[in-house]
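Work the whole structure out from these sequences, hints included.
Going line by line, the protein sequences match chains A and B.
Just so you know, we're using this note's numbering here: the first sequence kicks off at 85 and counts up by one.
Just so you know, we're using this note's numbering here: the second sequence kicks off at 85 and counts up by one.
Source of the hints: derived by calculation from the structure; they are not laboratory data.
Fair warning: there could be bad hints in the mix.
The list makes no distinction among identical chains, and a pair is therefore deemed to hold if it is satisfied within one copy or across any two copies.
As the list claims (entries may be wrong) - In silico SDA-like pairs for lysine to any residue, Cα to Cα no more than 25 Å straight-line:
| # | residue 1 | residue 2 |
| --- | --- | --- |
| 1 | K348 | R231 |
| 2 | K348 | G179 |
| 3 | K348 | D168 |
| 4 | K128 | R346 |
Number of protein chains: 2
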Amino acid sequence: MPVGTRGAVKSVTPAQVAEAGGPAVVLANTLHLFLQPGPELIAKHGGLHRFMGWRHSILTDSGGFQVFSLPGRQVSDGGVAFTDPRKERPRGGSGRIWFDAEESIRIQGLLGSDIAMCFDECVGPEATAAEAEAAVARTSAWADRCRHAHDRTDQLLFGIVQGFTHRHLRERSVEEIARLGFDGYAIGGVSVGEGTDLIRAVVDYTAPLLPRNRPRYLMGVGLPEDILASVAAGCDLFDCVIPARFGRGGTLFTRTGKLRVRDKRYRRDLLAPDTGCRCYTCATFTRAYLHHLFTIDEPLAATLATLHNLCFYQDLMAEIRAAIEAGDFASFRDRFLDRYLHRTGRRP
Amino acid sequence: MPVGTRGAVKSVTPAQVAEAGGPAVVLANTLHLFLQPGPELIAKHGGLHRFMGWRHSILTDSGGFQVFSLPGRQVSDGGVAFTDPRKERPRGGSGRIWFDAEESIRIQGLLGSDIAMCFDECVGPEATAAEAEAAVARTSAWADRCRHAHDRTDQLLFGIVQGFTHRHLRERSVEEIARLGFDGYAIGGVSVGEGTDLIRAVVDYTAPLLPRNRPRYLMGVGLPEDILASVAAGCDLFDCVIPARFGRGGTLFTRTGKLRVRDKRYRRDLLAPDTGCRCYTCATFTRAYLHHLFTIDEPLAATLATLHNLCFYQDLMAEIRAAIEAGDFASFRDRFLDRYLHRTGRRP
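What follows is the structure in structure tokens.
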């Protein structure tokens, strides 16, 4: 997104993101904004909406996912200590920073997002079963502390379920987090290197356990086919770097599959990138023009490809909502995937 | 501009450039487009307007300025041979390319610009007086060849005056080019390393010699103060990389002078970059936000700064036009420069 944290939506203005359509929620990274430029400066602006020029909704993550990729981190029941990853460290000599549930909620309060997330412990494939179990226990204890620390009545607070790929841990986590009571529930700790099959399995058995009357948010997913499978499992809300990161790399999502526009075959292709798309990029430019921009490393290439991919995802979500309302989701999904995965005529 | 050649307007969409206001003409580099992606592909699109998604006017340079910075160039009365500067050379083994008056007009015809420029020989401070004189003679001969080669009735053709800083050569060049007869006249070969004082001197004695009933175009100029001085000398049309290049570097033009937004003093500054500006950047973001974007190397920084600078220049030109129409140019210029150069109270 336009606050410009790594891995996020780059190269586009908030106005362009809004134009890409739909009732989009932008995700902002609490930990990155904590380090740079600092939440106090953003609060002085009147919050993140004003700072980044975004009038629509903002969801802030808790820092839980980011903090676990930082150097020299030490996790305890109290919270996490880590080494400031910036080259210039204005916060003093040692460069050690403390982060915990109360600090995450305090910062998200200063940012003034519409949806705040509970601080959680996220583990990956390298964790033992015992470590994954300890992370679930901490995530529950921290969620309780977040609930008590949270005092902005104009901000929703979502709980996060952990447990990696262990079904009994996911079940325990859902039970503990749901018992605390939140405005919405997220499945965290997926898409951390466990592979597509395991993601699907976790989502398939976890999502149906979450409270039915609250939004279910699947964090860090995914490709169109993963989103469709997760919607089928009962998920409502998603965030992912894929549309923006793939766009910057020259991969455009289209109704008939991914299009790698740097490929020489598009050098003289006068078609719109996605002939079924209504976005500025597709209404204005050819594949040959985008190929040219990527060839000469013009920054506009990243902008135009990102704009298209954001529009593609917004359109996909709008079509999913319409199909659900029409009671037609399964057949919409099958039709979409037939075209997208080029498997027309050979149904699996 | 959005075709993305080096030194041009980068990081912004044609829609954003158009929104920056005014009856802008975009300049496209004939030589760069000749090399990549090739004029035939652009002609297949129906011309450059369609290729780059720009509905307003386009001026193409002749390649004369670019070709003289290329490696291994050999100039003769016939034209110029040079080594293909690209790493990948699809045009054959030797990598030698021939470029001349007829080729420049042929390519500009394929591009379909609204204004084409005559192929000229541009010399810099390293040229002897004899070399500068030879360049003037060649520029006249090539202009005559361009006039004969030019056959698009929907495209204007401008002549270019050379002569470096030699007054008698400039006078001779004006006489020879004006005698051939063109839709407009450009002063070329300035801003090539001769320094501001010499640029001003050349413009001051050359511009008034050009035909009064045709547009006078000063190529490659410049800063706001240079533009104001050149308008006073009688120039109508300008092109320059400065607004875009300075923007990418973090320098914003404002009514009260240049603002280097990377500077630490702006880290907590909640003012708009230019408090007198109507552009998207100034209407939406603070100096602190732009400072943040430049600090984290977010590509959006270049986009927002470029958009503001384009808007600043468009507004400056609109104000100049209004002042001329009101018969008030000299006093407008003095008032603008007093604020811009912070010299209020100490008139020179």
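These are the hints, each one checked on the structure:
Taking the shortest alpha-carbon separations for K348 and R231, neither the intra-copy value of 54 Å nor the inter-copy value of 38 Å comes in at or below 25 Å. In this assembly of identical chains, the alpha carbons of K348 and G179 lie at most 25 Å apart only when taken from different copies (21 Å versus 48 Å within one copy). Taking the shortest alpha-carbon separations for K348 and D168, only the inter-copy value of 20 Å comes in at or below 25 Å, while the best intra-copy value is 43 Å. In the homo-oligomer, the alpha carbons of K128 and R346 lie at most 25 Å apart only across protomers (19 Å), although the nearest pairing inside one protomer, at 43 Å, exceeds that limit.
This entry does not satisfy hint 1, going by the numbered hints stated previously; all others are met.
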